[in-house]
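In short: position in the sequence shown from 1, add 415, done, that's the numbering used here.
Just so you know, these hints were derived from the structure itself, not from any lab.
Just so we're clear, the structure is a prediction, and the values are computed from it rather than from any experiment.
The reader is advised that the hints may include incorrect statements.
Pairwise CB distance ranges, derived in the manner of DEER restraints [unchecked claim]:
1) Ala462 x Gly562: 35 to 41 Å
2) Val586 x Asp543: 37 to 43 Å
3) Gly582 x Val460: 14 to 20 Å
4) Asp481 x Gly576: 33 to 39 Å
5) Gly456 x Val528: 21 to 27 Å
6) Arg458 x Pro554: 27 to 33 Å
7) Glu468 x Ser561: 37 to 43 Å
8) Pro538 x Gln579: 40 to 46 Å
9) Gly456 x Arg502: 39 to 45 Å
10) Pro465 x Asp491: 21 to 27 Å
11) Glu575 x Arg475: 30 to 36 Å
12) Asp567 x Asp518: 37 to 43 Å
Even for Gly, the Cβ is constructed at its ideal location relative to N, Cα and C.
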Amino acid sequence: MSRAHHIRRVRTLLVAGWFGILAGAAGLVRADVPSELEVTGMRFVRALGPGDELVVRAERARLLPDSDLAILEGVDAVVSDSMKARRHEIRCDRAELNLKTSDIRAEGRVQGVTSAGHRYSAPWVEYDHESGTLSSDAPVELVDDSGTYRGDGFRLHLREGRFQLLGNVRVVQTP
416 MSRAHHIRRV RTLLVAGWFG ILAGAAGLVR ADVPSELEVT GMRFVRALGP GDELVVRAER
476 ARLLPDSDLA ILEGVDAVVS DSMKARRHEI RCDRAELNLK TSDIRAEGRV QGVTSAGHRY
536 SAPWVEYDHE SGTLSSDAPV ELVDDSGTYR GDGFRLHLRE GRFQLLGNVR VVQTP
């Protein structure tokens, strides 16, 4: 498939998908509107408030209009607050993005970096837009200028820029 044909196909799918979402919201039923859309090279941008922005990029995405969910693969996401000069980056193998609330559940080799320079890794992480927190109750490793730490989970309060390791926190000694 040529690149131009692929781009036209993706545009057609997106238009059909958004029409399907609008038709569903209006209570219309159409047999030719797909219940699921597949997109390559997806980029989702949402202004979250004054100076706040969420940008999610995915190599592949399945959009599920009936549930307001996007199932993503090969994900890079950035939550930023330009007014407070804060930025949080996250990478993972796959994620579920709620297009209505902007909440994200990231899974598979999750790695993140805060504007303060904290680097962490965990099996899964959830971003709750309403509370402005990124969290996990799974084992986490945190690396910063002072050393490497492990804990049973963490909470990152994005609006305050405060990182908390939770439960059984220990310092990793380097040889």
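Hints, one by one, checked against the model:
1. Ala462 x Gly562: 35 to 41 Å: At roughly 37 Å between Cβ atoms, Gly562 and Ala462 fall inside 35 to 41 Å, so the hint holds.
2. Val586 x Asp543: 37 to 43 Å: violated (29 Å)
3. Gly582 x Val460: 14 to 20 Å: violated (35 Å)
4. Asp481 x Gly576: 33 to 39 Å: With a Cβ separation near 37 Å, Asp481 and Gly576 satisfy 33 to 39 Å, so the hint holds.
5. Gly456 x Val528: 21 to 27 Å: Taking Cβ atoms as reference, Gly456 and Val528 lie about 23 Å apart, which means the hint holds.
6. Arg458 x Pro554: 27 to 33 Å: holds (31 Å)
7. Glu468 x Ser561: 37 to 43 Å: Check failed, 30 Å falls outside 37 to 43 Å.
8. Pro538 x Gln579: 40 to 46 Å: Violated: the Cβ-Cβ distance is about 18 Å, outside 40 to 46 Å.
9. Gly456 x Arg502: 39 to 45 Å: violated (23 Å)
10. Pro465 x Asp491: 21 to 27 Å: Given a distance of about 24 Å, which is inside 21 to 27 Å, the answer is holds.
11. Glu575 x Arg475: 30 to 36 Å: Check passed, 34 Å falls within 30 to 36 Å.
12. Asp567 x Asp518: 37 to 43 Å: violated (22 Å)
The structure is inconsistent with the numbered hints 2, 3, 7, 8, 9 and 12, although it conforms to all the rest.
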